[in-house]
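Asker: Chain by chain, the residues run as shown.
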Amino acid sequence: MGVEIAVTGLTKTFGSQTIWRDVTLTLPAGEISVMLGPSGTGKSVFLKTLVGLLKPDRGSIVIDGKDLTRLREHDLYEVRKLFGVLFQDGALFGSMTLFDNVAFPLREHTKKTEAEIARIVHEKMELVGLEGAEKKLPGEISGGMRKRAGLARALVLDPEILLIDEPDSGLDPVRTSYINQLFVDLNAQIEATFLIVTHDINTARTVPDNIGLLYHRHLAMFGPREMLLSSEEPVVRQFLNAQTIGPIGMSEEKDADELAAESGRELPPLPPIPPQLGTSDGRPRRGERPAGEWCREHGVTPPPGSFQTAGALTPPRQTEYAAELATAAAPGPAGGPVGAVGEVD
Amino acid sequence: MAAPLTGVLRQSGSLFALALDVLRALPRRPFQVKEFIQQSWFIASVTILPTALVSIPFGAVIALQLGTLTRQLGAQSYTGAASVLAVLREASPIVTALLIAGAGGSAICADLGSRKIREEIDAMEVLGISPIHRLVVPRVLASMLVAVLLNGLVSVVGVVGGYVFNVIVQGGTPGAYIASFTALAQLPDLWTAEIKALIFGAIAAIVAAYKGLGAGGGPKGVGDAVNQSVVITFMLLFVVNFVITAVYFQVVPQKI
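Those sequence lines, one after another, are chains A and B.
Numbered according to full-length UniProt numbering, the first sequence terminates at residue 345, and the numbering increases by one at each position without gaps.
Numbered according to full-length UniProt numbering, the second sequence terminates at residue 256, and the numbering increases by one at each position without gaps.
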């Protein structure tokens, strides 16, 4: 049903270098959150700290009433069974076939028979669109397929929390959309708590219920999607709209001279808040809130044109589009010109 | 000033911590039989041929030195005895150490290091499986087993090489060589050599695992880790070899 993760005052340093300090946030149970940040701000470090792979210097991470930072090695392994983690490149075991990779957690942690294992593995492989590739080795398939196989392995123990490290790195925009849609559908189905670490603006603007932004060694802001997308706070505004004007510079933060030179220039208006990506069958998710609800409750006027579906392929239209293509191109492959399943490498 | 020193201390501390973790994980069930057999086979396959090829000239060099030396001292009848002693006591554990560290250890380190940078190790931990129990313990045991077997191989090949060299090249008498075989050497020499090999195998695998699991910074990090693991293992093995030899002379009474 999803578990809440409460992070308080988390600080991490490597030697004399502070990665981030005093990060405090609560990932609400069953909702999708995205952690954003410029390259090199320790997003992946944050994710690894959440699973206990790295020890923070200070602060606590409370999951299910247990503080992860104080657990003994043995108890930590127990708590980790709540987690599914999708690493950047899938992190599949190179010597095993995809089937064995996905079956691995089941064989290690459950007493299921091989027949049951095979049934569950096939179910998960089908879920991520990889049926038929069970016999392949990780070295023989494309990056996108490795990610999806990694996802199948992360899902196999029915996790309460799913952590995803840069799902869009190395994927083209079409595959990124497919995998984002997969996350939304999965969230509706398993109702786990999702945390996606990324610097892809499009993912961050359309997928999550909550957005966090790591910048300059601290958490700049964390809150509902509409709060950040309508925020006038310079760092948040610059990053979420991918602009050069603002406090973030090419390497780290800009110096005073650069900021002064920009001070006269007018900031471009906030772009409209795009509608949130829905499930592909139109079923509402548990964590989903009606469009514009946060803005109304907090007396914020969203930028003009917000929450309108025009232009973008929103889920109902996407399915229509796919159906149109399927009928138009019959007897060709169904599901659009680039099928998630029909990918070969 | 203090930074390099604390760095060295921290490294040695973590190395010992890993060694302790391996000890603690040793009795944990289920034992990874398949991994152990695969690794034993793998380490044996990368070390057997180089070991045999190194021990032939090693035995020959010892025979050459001793053949000349014993003639100068007028003790030709002891050529065989001295040659066996040298091969059994020092040459075979050292050759085993070099090959286990250079061929076996570097392969273990490269394997674990590349898994580390592909995040396989992290994934394994997240899946609730200890990489120490699953990957390191079988490798350490495999390395120990293969080291003991290699030590036997080096002893035999070295002694035979020395015999062939002494008798055929240097014109020694086969009878005298064989007759003096056990004049100086005794059974505890063989046991000590095997114990040395066992410890060398464990050290090589633990250092390789330590460096491999600590690899970072992409493919270059793996290369650096392999390099460091071989250098550190060599240094440790020679020190440990000296200590064991010193203890041996105190504990075991010598012939004559």
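Treat the hints with care, since some could be wrong.
Below, computed lysine-lysine pairings styled on DSS-like, alpha-carbon distance capped at 27 Å [as the list claims (entries may be wrong)]:
hint	chain 1	residue 1	chain 2	residue 2
1	A	112	B	34
2	A	135	A	111
3	A	135	B	255
4	B	116	A	136
5	A	112	A	81
6	A	81	B	255
7	A	66	A	81
8	A	81	B	220
Not close to chain A: a few residues of chain B, all C-beta gaps over 12 Å, as computed [as the list claims (entries may be wrong)]:
hint	residue
9	9
10	15
11	16
12	37
13	38
14	72
15	75
Not the full set, but computed from the structure, chain A residues with beta-carbon under 8 Å of chain B [stated by the list, open to error]:
hint	residue
16	48
17	80
18	83
19	97
20	105
Please keep in mind that the hints were generated in silico from the structure rather than gathered at the bench.
The beta carbon of each residue, even a glycine, is placed where N, CA and C say it ideally should be.
Asker: If you check each hint against the structure, which ones fail?
Answerer: Numbers 3, 6, 8, 13 and 19, in rising order.
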